[in-house]
Amino acid sequence: MQTTTPKLNNMTPVTGRMVNEENEIVNVVDNFGSLKTIDVLNSTVHAGIAFTYSGAASIPAAGHAYFHGKTGDITSHLMGFFVKADSAPVTVQFFEAPTITADGTPQSPIQRNRQTANVALMQVFAAPTVTADGTQLFVDKLLGSQHTVSSSNLDGEWLLKKNTSYTFKITNNSNQTANIGAGFSWIEEN
Numbered sequence: 000m001q002t003t004t005p006k007l008n009n010m011t012p013v014t015g016r017m018v019n020e021e022n023e024i025v026n027v028v029d030n031f032g033s034l035k036t037i038d039v040l041n042s043t044v045h046a047g048i049a050f051t052y053s054g055a056a057s058i059p060a061a062g063h064a065y066f067h068g069k070t071g072d073i074t075s076h077l078m079g080f081f082v083k084a085d086s087a088p089v090t091v092q093f094f095e096a097p098t099i100t101a102d103g104t105p106q107s108p109i110q111r112n113r114q115t116a117n118v119a120l121m122q123v124f125a126a127p128t129v130t131a132d133g134t135q136l137f138v139d140k141l142l143g144s145q146h147t148v149s150s151s152n153l154d155g156e157w158l159l160k161k162n163t164s165y166t167f168k169i170t171n172n173s174n175q176t177a178n179i180g181a182g183f184s185w186i187e188e189n
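For the sequence shown, numbering that gives the first Met the number 0 assigns the number 0 to the initial residue and increments by one for each residue that follows.
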């Protein structure tokens, strides 16, 4: 905590000083004259509001697996999703407001800041019972030997609705069992 009251004559543009919300003088320029910055994801990890879930499933030929999340009364920012499969083709779909008759197996999201006790408010489930997929927001396919869908294929960040369910549906279109690994990351804010 700054013990002296900041004054304009204590700050010069050359040194890169500024006054933050707590009236503390902060140097925003490093020793080389470069502006210090941090991206949104790193900032939210530091704040303890970034979470990750990853899981696996074995999907029979022509079968599918679902991963389900419920946002609750918070603003959630989906920051990326990945799927890796040992067999292809596989279709990956992202749905909003599906009809869920059973949530499935509760999963434990991982706090990305390992020094905080904050827990995720979004609930995550594997293998829910879905009777209607809802509104499709995204679709992609793993073809041939591609075997991966990267988070960049989701067009970056998605701002999710409050109190809404979302599912990722992974369909195995191959003629053999597909073993998949899947996961997603999100940020929560009140």
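To be clear, the hints were calculated from the coordinates, so they are not data collected in a lab.
Note that the Cβ used here is the ideal one computed from N, Cα and C, for glycine as well.
There may be inaccurate statements among the hints.
[Stated by the list, open to error] Simulated pairs of lysine-lysine, BS3-like, Cα-Cα distance not exceeding 30 angstroms:
{"no.": "1", "residue 1": "35", "residue 2": "83"}
{"no.": "2", "residue 1": "83", "residue 2": "160"}
{"no.": "3", "residue 1": "69", "residue 2": "83"}
{"no.": "4", "residue 1": "83", "residue 2": "140"}
{"no.": "5", "residue 1": "35", "residue 2": "161"}
{"no.": "6", "residue 1": "83", "residue 2": "168"}
{"no.": "7", "residue 1": "140", "residue 2": "168"}
{"no.": "8", "residue 1": "35", "residue 2": "140"}
{"no.": "9", "residue 1": "168", "residue 2": "69"}
{"no.": "10", "residue 1": "140", "residue 2": "69"}
{"no.": "11", "residue 1": "69", "residue 2": "35"}
[Said to hold, decoys possible] Beta-carbon label-pair distances, calculated as ranges:
{"no.": "12", "residue 1": "24", "residue 2": "138", "range": "47 to 55 angstroms"}
{"no.": "13", "residue 1": "61", "residue 2": "135", "range": "13 to 21 angstroms"}
{"no.": "14", "residue 1": "180", "residue 2": "24", "range": "44 to 52 angstroms"}
{"no.": "15", "residue 1": "85", "residue 2": "39", "range": "19 to 27 angstroms"}
{"no.": "16", "residue 1": "16", "residue 2": "83", "range": "43 to 51 angstroms"}
{"no.": "17", "residue 1": "25", "residue 2": "134", "range": "39 to 47 angstroms"}
{"no.": "18", "residue 1": "53", "residue 2": "156", "range": "16 to 24 angstroms"}
{"no.": "19", "residue 1": "126", "residue 2": "158", "range": "49 to 57 angstroms"}
{"no.": "20", "residue 1": "36", "residue 2": "73", "range": "44 to 52 angstroms"}
{"no.": "21", "residue 1": "39", "residue 2": "132", "range": "43 to 51 angstroms"}
{"no.": "22", "residue 1": "140", "residue 2": "41", "range": "30 to 38 angstroms"}
{"no.": "23", "residue 1": "24", "residue 2": "113", "range": "16 to 24 angstroms"}
{"no.": "24", "residue 1": "26", "residue 2": "85", "range": "48 to 56 angstroms"}
{"no.": "25", "residue 1": "31", "residue 2": "117", "range": "29 to 37 angstroms"}
Verification of the supplied hints:
Restraint check for residue 35 and residue 83: the C-alpha separation of about 35 angstroms exceeds 30 angstroms, so the hint is violated. Only pairs whose Cα atoms come within 30 angstroms are accepted, and residue 83 paired with residue 160 is accepted, the gap being roughly 27 angstroms. Restraint check for residue 69 and residue 83: the C-alpha separation of about 23 angstroms stays at or below 30 angstroms, so the hint holds. With a C-alpha separation of about 11 angstroms, the suggested pairing of residue 83 with residue 140 holds against the 30 angstroms cut-off.
Pair hint residue 35 plus residue 161 does not hold up; C-alpha atoms about 33 angstroms apart against a cutoff of 30 angstroms. Distance restraint check for residue 83 and residue 168: the Cα-Cα separation of roughly 13 angstroms lies within the 30 angstroms cut-off, and the hinted pair is therefore satisfied. About 12 angstroms separates the Cα atoms of residue 140 and residue 168, which keeps this hinted pair within 30 angstroms; it holds. Taking the CA atoms of residue 35 and residue 140, the gap is about 39 angstroms. The hint is violated against a cut of 30 angstroms.
A threshold of 30 angstroms between alpha carbons decides the hint, and for residue 168 with residue 69 the separation of about 15 angstroms falls inside it, so the pair holds. Note on residue 140 and residue 69: the hinted pairing holds, with a Cα-Cα distance of about 25 angstroms set against a maximum of 30 angstroms. Restraint check: the Cα-Cα separation between residue 69 and residue 35 comes to about 36 angstroms, which exceeds 30 angstroms; the hinted pair is violated. Between residue 24 and residue 138 the Cβ separation comes to about 51 angstroms, which falls inside the hinted range of 47 to 55 angstroms.
Checked against the hint of 13 to 21 angstroms, the C-beta distance between residue 61 and residue 135 comes to roughly 19 angstroms, which is consistent with it. The hinted range of 44 to 52 angstroms is satisfied by residue 180 and residue 24, whose Cβ atoms lie roughly 47 angstroms apart. Evaluation of the 19 to 27 angstroms hint for residue 85 and residue 39 yields a failure: the beta carbon distance comes to about 33 angstroms. Between residue 16 and residue 83 the CB atoms are about 47 angstroms apart, so this pair conforms to the stated range of 43 to 51 angstroms.
At roughly 44 angstroms, the beta carbons of residue 25 and residue 134 sit within the given window of 39 to 47 angstroms. For residue 53 and residue 156, the Cβ-Cβ distance of about 19 angstroms falls inside the hinted range of 16 to 24 angstroms, so the restraint holds. Restraint check, residue 126 to residue 158: a C-beta distance of roughly 27 angstroms breaks the suggested window 49 to 57 angstroms. Between residue 36 and residue 73, the C-beta spacing of about 27 angstroms breaks the proposed range 44 to 52 angstroms.
The beta-carbon spacing between residue 39 and residue 132, approximately 30 angstroms, falls outside the hinted interval of 43 to 51 angstroms. Between residue 140 and residue 41 the C-beta distance comes to about 31 angstroms, which sits within the given range of 30 to 38 angstroms. Range check, residue 24 to residue 113: about 30 angstroms between beta-carbon atoms, so the 16 to 24 angstroms window is missed. Our hint of 48 to 56 angstroms for residue 26 and residue 85 holds, since their Cβ atoms are close to 51 angstroms apart.
With their beta carbons about 34 angstroms apart, residue 31 and residue 117 fall inside the hinted range of 29 to 37 angstroms.
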